[in-house]
Structure formats: structure tokens, C-alpha cells
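So that you can map any letter, position 32 of the sequence shown is 32 in the working numbering, and since no number is skipped, the others follow by simple counting.
Keep in mind that the hints were calculated from the coordinates and are not lab data. Don't take each hint at face value.
Stated by the list, open to error - Derived DSS-like pairs: lysine-lysine, alpha-carbon spacing no greater than 27 Å straight-line:
#, residue 1, residue 2
1, 20, 91
2, 76, 20
3, 76, 91
What the hints assert, rightly or not - Just the calculated beta-carbon pair ranges, DEER-fashion:
#, residue 1, residue 2, range
4, 24, 60, 30 to 40 Å
5, 30, 50, 30 to 40 Å
6, 27, 93, 23 to 33 Å
7, 14, 50, 30 to 40 Å
8, 75, 53, 17 to 27 Å
9, 64, 113, 49 to 59 Å
10, 82, 51, 48 to 58 Å
11, 7, 83, 27 to 37 Å
12, 51, 30, 33 to 43 Å
13, 48, 7, 19 to 29 Å
14, 4, 25, 36 to 46 Å
15, 48, 79, 20 to 30 Å
16, 12, 113, 47 to 57 Å
17, 93, 51, 23 to 33 Å
Every value quoted in this text rests on a predicted model; they were computed, and no experiment measured them. Idealized CB from N, CA, C, for every residue including glycine.
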Amino acid sequence: MPRPLCPRRIAHQPPCDFFKPAGIPLYDLDEVVLGADELEALRLADVEDLFHGAAAQRMGVSRQTFDRIVRRARMKVARALVRGYALRILKPVRPVTPKPRSVRKKPAVRRPPA
Numbered sequence: 001m002p003r004p005l006c007p008r009r010i011a012h013q014p015p016c017d018f019f020k021p022a023g024i025p026l027y028d029l030d031e032v033v034l035g036a037d038e039l040e041a042l043r044l045a046d047v048e049d050l051f052h053g054a055a056a057q058r059m060g061v062s063r064q065t066f067d068r069i070v071r072r073a074r075m076k077v078a079r080a081l082v083r084g085y086a087l088r089i090l091k092p093v094r095p096v097t098p099k100p101r102s103v104r105k106k107p108a109v110r111r112p113p114a
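Could you put together the complete structure from these sequences and hints?
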């Protein structure tokens with residue numbers, strides 16, 4: 001039984017659900033499914049041009065995991081483009097949340113001894 005996936009930070013909501021070749025009805029096309037984490041990895045690596053280590057920190061995963069996600073996403077997008085498939089983009093399961101900023105805790109207030 002595989003290990004459960006660690007939660008991944010996704011800071012971008014995709015604006016649409018599908019991309020498809022022009023002029024062909026969607027019901028006539030095979031589709032490739034791109035997960036929300038795969039789209040986020042593509043965005044960080046290719047659009048924002050981040051190094052994999054920095055992008056992995058933003059997503060909350062290891063660099064090796066990020067590399068696997070990007071490789072899988074690029075393969076799916078290339079397959080859809082080369083073979084003329086529709087590309088379906090899954091919405092994130094969890095709400096889109098940017099990386100949490102570090103929160104400074106207030107110092108504890110000590111009461112004088114009674």
C-alpha cells in the first residue's frame with residue numbers, strides 16, 4: 001500500500017478547467033488529466049523560472065518530489081500537445097493558500113508572585 005501524499009501548497013487557482021485543440025468538439029477528444037499540484041509545479045518552474053529547490057520550498061515538498069511532479073506534468077502536457085488530446089486541469093482539493101508567513105509569538109506575560 002503506498003504512503004499517503006503529503007499536503008502540497010498550491011498558491012494559484014487555474015482560470016479554466018480544459019484546454020483543447022480548436023475546431024474539434026470536446027466529446028470527440030481523448031483527454032489527459034493534469035493535477036493541481038502538477039500545474040503549480042509547472043507554474044513555479046517554467047513561468048516564475050525558480051530553481052527546483054526554491055520552488056519545492058514554496059510547495060512544501062522535497063526537491064526530489066518537486067522534480068518528479070514537474071517531470072510528470074511536462075510529459076502530460078507534451079502528450080496532449082503532440083497527440084491532440086484535451087487537457088483537463090483538476091481544481092485543488094484544499095483551498096488555495098499561499099505560503100504562510102512566519103508568525104512571531106508574543107512573549108508570555110509573567111505575573112508577579114502573589
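Verification of the supplied hints:
Our distance criterion of 27 Å between C-alpha atoms is met by residue 20 and residue 91, whose separation comes to about 17 Å. For the hint pairing residue 76 with residue 20, the CA-to-CA distance comes to about 13 Å; that is within 27 Å, so the pair holds. Pair hint residue 76 plus residue 91 holds up; C-alpha atoms about 16 Å apart against a cutoff of 27 Å. In this structure, residue 24 and residue 60 meet the distance hint of 30 to 40 Å, their C-beta atoms being roughly 38 Å apart.
For residue 30 paired with residue 50, a C-beta distance near 32 Å keeps the hint of 30 to 40 Å intact. Look at residue 27 against residue 93: about 26 Å separates their beta carbons, and that is inside 23 to 33 Å. Between residue 14 and residue 50 the beta carbon distance is about 19 Å. The supplied range of 30 to 40 Å is therefore violated. Under the hint 17 to 27 Å, the C-beta atoms of residue 75 and residue 53, about 22 Å apart, fit the expected range.
At about 53 Å, the beta-carbon gap between residue 64 and residue 113 stays in the expected band of 49 to 59 Å. The hinted range of 48 to 58 Å is not satisfied by residue 82 and residue 51, whose Cβ atoms lie roughly 28 Å apart. The hinted window of 27 to 37 Å between residue 7 and residue 83 holds, with their beta carbons roughly 32 Å apart. Under the hint 33 to 43 Å, the C-beta atoms of residue 51 and residue 30, about 34 Å apart, fit the expected range.
Between residue 48 and residue 7, the C-beta spacing of about 21 Å keeps the proposed range 19 to 29 Å intact. Checking the proposed 36 to 46 Å range against residue 4 and residue 25 shows it holds: the Cβ atoms sit about 38 Å from each other. Between residue 48 and residue 79 the CB atoms are about 24 Å apart, so this pair conforms to the stated range of 20 to 30 Å. For the pair residue 12 and residue 113, the supplied restraint of 47 to 57 Å holds, since their beta-carbon distance comes to about 53 Å.
Between residue 93 and residue 51 the beta carbon distance is about 27 Å. The supplied range of 23 to 33 Å therefore holds.
Violated hints, in rising order: 7, 10; the structure is consistent with all others.
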